[in-house]
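Required output: the full structure, derived from the provided sequences and hints.
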Amino acid sequence: TLNALSTGQWDITQLTTQPALTMLTLALMMKLGVAPLHAWLPEVMQGASIKMALILATWQKLAPFALLFMLSHLMHTPTLLSLALLSALIGGWGGLNQTQLRKLMAFSSIAHLGWVVAMMTLNKYLALATLCLYISMTATMFSTMLPTNMKSLKDTTTAWPALPPTMLTILFSLVSLG
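In the working numbering, the protein residues as written are -8 to 169.
These are computed hints drawn from the structure, not numbers from a lab.
Here the structure is a predicted model, which means the values were calculated and not measured.
A virtual CB, placed ideally from N, CA and C, is assigned to each residue, including glycine.
It cannot be assumed that every hint is accurate.
[Said to hold, decoys possible] Computed cross-link-like contacts, DMTMM-like style, restricted to lysine to aspartate or glutamate with a CA-CA straight-line distance of at most 25 Å: (1) K42 x D146; (2) K145 x E34; (3) K22 x D146; (4) K22 x E34.
[Stated by the list, open to error] Here are the computed distance ranges between Cβ atoms for each label pair: (5) T148 x G38: 16 to 26 Å; (6) H67 x P152: 17 to 27 Å; (7) W50 x K115: 37 to 47 Å; (8) P156 x Q91: 22 to 32 Å; (9) H67 x N88: 32 to 42 Å; (10) P156 x N88: 40 to 50 Å; (11) P138 x Q91: 52 to 62 Å; (12) L58 x L124: 35 to 45 Å; (13) L159 x M43: 18 to 28 Å; (14) M61 x P152: 24 to 34 Å; (15) S73 x K142: 13 to 23 Å; (16) K115 x D146: 33 to 43 Å; (17) P156 x L80: 15 to 25 Å.
Structure below.
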């Protein structure tokens, strides 16, 4: 509405007022789970079912990323880089002491989306490739968690004898998510 009042345009790609652009940037970062607007993501993913956590970690990122992709040329690069680096740091540090897999995946999401936003400032097509790689790794991880009903890292040790190839996939996915 701020942009429409000042420019007479309702088109989102014609954002010229700084307050409207700042509010849109913060809203997109909150929806993506980028720090410092990330606090909701670990708790929500921990409380959700594995299927819902998969949707939160992957599908939910597509719409805000599409808007970020369209508007990246308008956004303030130092602000995006600051949010991205903060997100990568918070996601990495937050995931260090986690034993619950969904919380670990949430902090992984925070860190990875930080790197995606950092890539967005350099090359938006590289950011798209990074997001696709993140989604494929995360979907693989969640799809192996689903049939075994794993909730914690301890559960991976008891599931090993039943599904050795699946557990090997999980271990490689966890190594690549860090």
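Flag every earlier hint the structure violates by its number, smallest first.
3, 6, 7, 10, 11, 12, 14, 15 and 17
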